[in-house]
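K.L.:
Below, each chain spelled out in residue letters.
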Amino acid sequence: MHKYIFKRILLLIPVLLGVSFLVFSIMSFTPGDPAQLILGESAPKAAIEGLREEMGLNDPFLVQYGKFILNAVQGDFGRSYTSGREVFGEIFQRFPNTLILAIIGVVIAILIGIPVGIISATKQYSIIDSTSMIAALLGVAMPNFWLGLMLILFFSVGLGWLPSGGFGGWKSLILPSITLGTGAAAIITRMTRSSMLEVIRQDYIRTARAKGVSEKKVINRHALKNALIPVITVVGLQFGYLLGGAVLTETVYSWPGVGRMMVEAIRSKDTPIVLAAVLFLATTFSIVNLFVDILYGFVDPRVKSQYK
Amino acid sequence: MSEALSSENISNNSSVEIVNKKRSQLAEVWRRLKKNKMAMIGLAILGVIVLLAIFADIIAPYDSVAIKQNLKDRLQGPSTAHIFGTDEYGRDMFARLIHGARVSLQVGILAVGISIVVGGTLGAIAGYYGGRLDNIIMRIMDVFLAVPSILLAIAIVSALGPNLLNLMFAISISSVPGYARIVRSSVISIRDQEFIEAAKAIGADDFRIISKHIIPNAFAPVIVQGTLGVAGAILSTAGLSFIGMGIQPPAPEWGAMLSGGRQYLRYAPHVTTIPGIAIVVTILALNLLGDGLRDALDPRLKS
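Residue numbers (the numbering used here), protein chains in the order written: chain A, 128 to 435; chain B, -11 to 291.
The set of hints was computed from the structure by calculation and includes no laboratory data.
Some hints could be false.
Using 30 Å as the maximum straight-line C-alpha spacing, the simulated DSSO-like pairs for lysine-lysine come out as follows [claimed, not checked]:
id, chain 1, residue 1, chain 2, residue 2
1, A, 250, B, 22
2, A, 352, A, 250
3, A, 338, A, 352
4, A, 172, A, 194
5, B, 23, A, 250
6, B, 25, A, 250
7, A, 352, A, 130
8, B, 188, B, 22
9, B, 200, B, 188
Excised from the complex, chain A in its bound form (with noise of 0.2 Å):
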C-alpha cells in the first residue's frame, strides 16, 4: 500500500510541470506589454525597455518558463500589475473563501446524491425513483450562474431571507453554496443510483437473499459497500469541476474567491493573477485526486492487491 501511495505522489510531480508548461504557455499569447502595462501608456521607451529586461520578458521562452517555475516552487509568482502587490499573498488570502465554498458545496452533493440515489434503485420505477430522476436531470441541465440568480431572485429579492452576495457570516454561504452543489447533486444521485441497480442485481447479492438475510442488510452490509466504489470517483471530479464553477459562482455572488479574482484579473490583463489562480486550482484538483485515487486503494480490494 505504501508503494501504491509513494507513486501516485510521484505522478503528480510531471502532471503539475505539465500543467504549468501548459498554462504557462496558454497565457504567454496574451496581447499587449506587460512593462507598458505597469508603467502606463504615457511613459517613456528607454524605462519600458528597462523594466522588460528587469522582468526577462526578452528572454527566450524556456529561459522565461523556467525561471517562473524556480521561483513558483519557492512561493514566488511575481507581482499583480495592477496592484504591484505580490501574487502568493493575493491568492492564498482568497483561497480558503473557494476552498470552503467548493467543500460545503460537495458536502451538500454528497448528503443528497448518495441517499436520494440508493433509495431511487432501491424503489426503482416508484414515484420517488421518478421524481428524483427528474430532479436529478433538471440538475445537470442548469447552469449555476443561472440558478444562481434564480435562488437570489427567490430568496434575497423576493422573501428577503438571505444576502443576494458579499461576504460576511454564515447566512451568506447559504445560496453560493447550493449553487454550486446543485449540479454536483445531481450527478451523485444520478451515478451511486445507477451503480446501485448494477451491484443490486450481482449473484452474491441474490446468495445473501436467499440465505434469508433481511432486505435492510442486504442493502447496508452487502450491496452499498460495493456500489458507492465508483460513486467515490465522481466525487473526485465533481469536487474539481466546483472548483472550476467557482469561477462563475463567485461572480454571480461578488464572493472573494480565487474565481472572481481572477475573473477581474482577466479583464485587466493582470497575467501573474490569471497564471497563479489557474494552476492553484489545477493543483488542488489534482490533489483532490490524488487523495480519490488512494482512498480508491482502500476501499477497493481489487486495487490493494495488487499492491500488496
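Keeping the supplied structure of chain A fixed, place chain B upon it in accordance with the hints.
P.N.:
Frame of chain A, contents of chain B only:
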C-alpha cells in the same frame, strides 16, 4: 466457368448482406431509441430548437429585430407584441433567443466535432500503436485533464481574446482528452481481436485498419459522449459569455443575455429568467437524447 460464376455470386451476395447488415444495425438502434419515451421527447424538443435556429432570419430578421435597439420599449414584460418581453435595450427577447440558439448550436456542434476528430485521432493512435507513443500521448492528455475544463477554456480565451472562433477553439481543446480516452480504450479492446488480425493478414495497412475497422467499432461510445458533449459545450459557451469572455454584444447569446439582465433582476426578472430556461430546455433535451442513445447502443441491453 461455373465455378467462377458461383464465386461471383457469393461475393455479390455477401456484399449485399453487409450493406443490409449495416442498415439493419442502424435500424435496430433507431427501433430501440424509438421505444425510449424520454429520448423521443428530447429529440422532439431538439428538433423544434434546430428549426427555430435555422429559420431565425425568416421569423425575426437579425439586423432589423434581433440587434436593433428600441429604448422606449425597454424591459417590457411578455405581451402579445413581444411574447417573451424586451430586454434592457428594448430588443425583442424571442428574436434574440432564436438567434442565440443559432450561436449555441453552432458552437456546441462545431466544438464537439473538432474535439472528436482531434481527440479521436490521438486516442486511436495511442490505443493502436501502444507502447511509448501511447504513453506520451496519454500523459499529455493527463495534463489537460488536470485542469478543470472551464478554467482551461477561460485561460485560452483570456489569452487569445474573446470571439466566436477562439471560444470554439477553447471549448474544443478542453474536451479533447475525454474523447482521446474513450477512443483509446475502445481501440485497445478491439485491437487484438481476430478480425483485425485477418485484415492484417490480407495486407491491409494501418491507415485502412484504423479507419475501416477500428473507428466504426469505437463509434458508439463517441456518439453518446458527443451528444452529451454538445450540451456541455453549450453550457460552457453560456458560462464564458456570462463573465464577458465569450460572444460579444450586441450579438445575441444566451449567457450574455442573461448577464445583461442581471442588473434588472429586481424590476425585470424575465430578462434573466427566460434565457436560462432556454439553456435548461436545450441541455435537458440533449441529455435525454444522449442517455437514450447510450441505452440504444449498448449491446448488453439488447432484448
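K.L.:
Each of the hints needs a verdict: does it hold here or not?
P.N.:
Structure-based check of each hint:
1. A:250 / B:22: Cα-Cα ~26 Å, so holds.
2. A:352 / A:250: Holds - the C-alpha atoms of residue 250 (chain A) and residue 352 (chain A) are around 18 Å apart, at most 30 Å.
3. A:338 / A:352: Between residue 338 (chain A) and residue 352 (chain A) the Cα gap is close to 19 Å, so the pair holds against 30 Å.
4. A:172 / A:194: Roughly 25 Å between the alpha carbons, so the hint for residue 172 (chain A) and residue 194 (chain A) holds.
5. B:23 / A:250: Between residue 23 (chain B) and residue 250 (chain A) the Cα gap is close to 23 Å, so the pair holds against 30 Å.
6. B:25 / A:250: holds (20 Å)
7. A:352 / A:130: holds (25 Å)
8. B:188 / B:22: violated (38 Å)
9. B:200 / B:188: At roughly 12 Å apart (the allowed maximum being 30 Å), residue 188 (chain B) and residue 200 (chain B) satisfy the hint.
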